[in-house]
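Colleague: Please take these sequences and the hints and turn them into a complete structure.
Each step along the sequence shown adds one to the number in full-length UniProt numbering, with nothing skipped, and position 19 is 19.
Just so you know, these hints were derived from the structure itself, not from any lab.
Predicted model, so just to flag it, every value in this text is computed and none were measured.
Backbone N, C-alpha and C define an ideal beta-carbon position, used for all residues, glycine too.
A couple of the hints might just be wrong.
To be verified - The calculated lysine-lysine pairs, modelled on DSBU-like cross-linking and capped at a C-alpha distance of 35 Å, are:
1) K41 - K66
2) K41 - K17
3) K17 - K66
4) K66 - K87
5) K41 - K85
6) K85 - K66
7) K41 - K65
Unchecked claim - Using C-beta positions, here's what the derived DEER-type ranges look like:
8) A4 - G59: 18 to 28 Å
9) E79 - Y50: 32 to 42 Å
10) D7 - W33: 16 to 26 Å
11) S35 - R57: 13 to 23 Å
12) A4 - G74: 32 to 42 Å
13) D76 - Q28: 34 to 44 Å
14) S56 - L81: 22 to 32 Å
15) R57 - L99: 22 to 32 Å
16) V26 - Y5: 10 to 20 Å
17) L81 - G59: 36 to 46 Å
18) L44 - K24: 12 to 22 Å
19) A70 - W33: 10 to 20 Å
20) D23 - L99: 15 to 25 Å
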Amino acid sequence: MYEAYPDHKLDVAAEQKLIEVHDKIVFQFPFYWFSCPPLFKQWLDEVMTYGWAYGSRSGYRMAGKKIALAISLGIDEDEYLPSAKYKYTLEELTRPFELSFQYVRADYRPFFAYYGIERNSSDEWIQ
1 MYEAYPDHKL
11 DVAAEQKLIE
21 VHDKIVFQFP
31 FYWFSCPPLF
41 KQWLDEVMTY
51 GWAYGSRSGY
61 RMAGKKIALA
71 ISLGIDEDEY
81 LPSAKYKYTL
91 EELTRPFELS
101 FQYVRADYRP
111 FFAYYGIERN
121 SSDEWIQ
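Modeller: Written out as structure tokens, the structure reads:
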């Protein structure tokens, strides 16, 4: 997204059209400060609008779309446990995304997580 929108001015109509013409959508992003990057949050705020993504007779254009997250994390998986350093599971930390997509009646699917990228980023390890 940062390459497509270096000025952070989203083409909302084009983004909405992309969603409309696809049945399966995967949002891929690095997990920064236990959340998504700012441009993805902006995308959620500006693209998932009243009258298009929810509400009114013409809303719910995302209804039934299969939506998943593909997240890369610098931290190892075992640190995302109630008994570990960060106290919460990734399932708990991504719940706002799940709720947002459920609110617009999309079919939120389980996420894919790539843990430990901070320590394991070599091409060999990734493969």
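Colleague: List, from low to high, the hint numbers that the structure doesn't satisfy.
Modeller: 11, 12, 13 and 14
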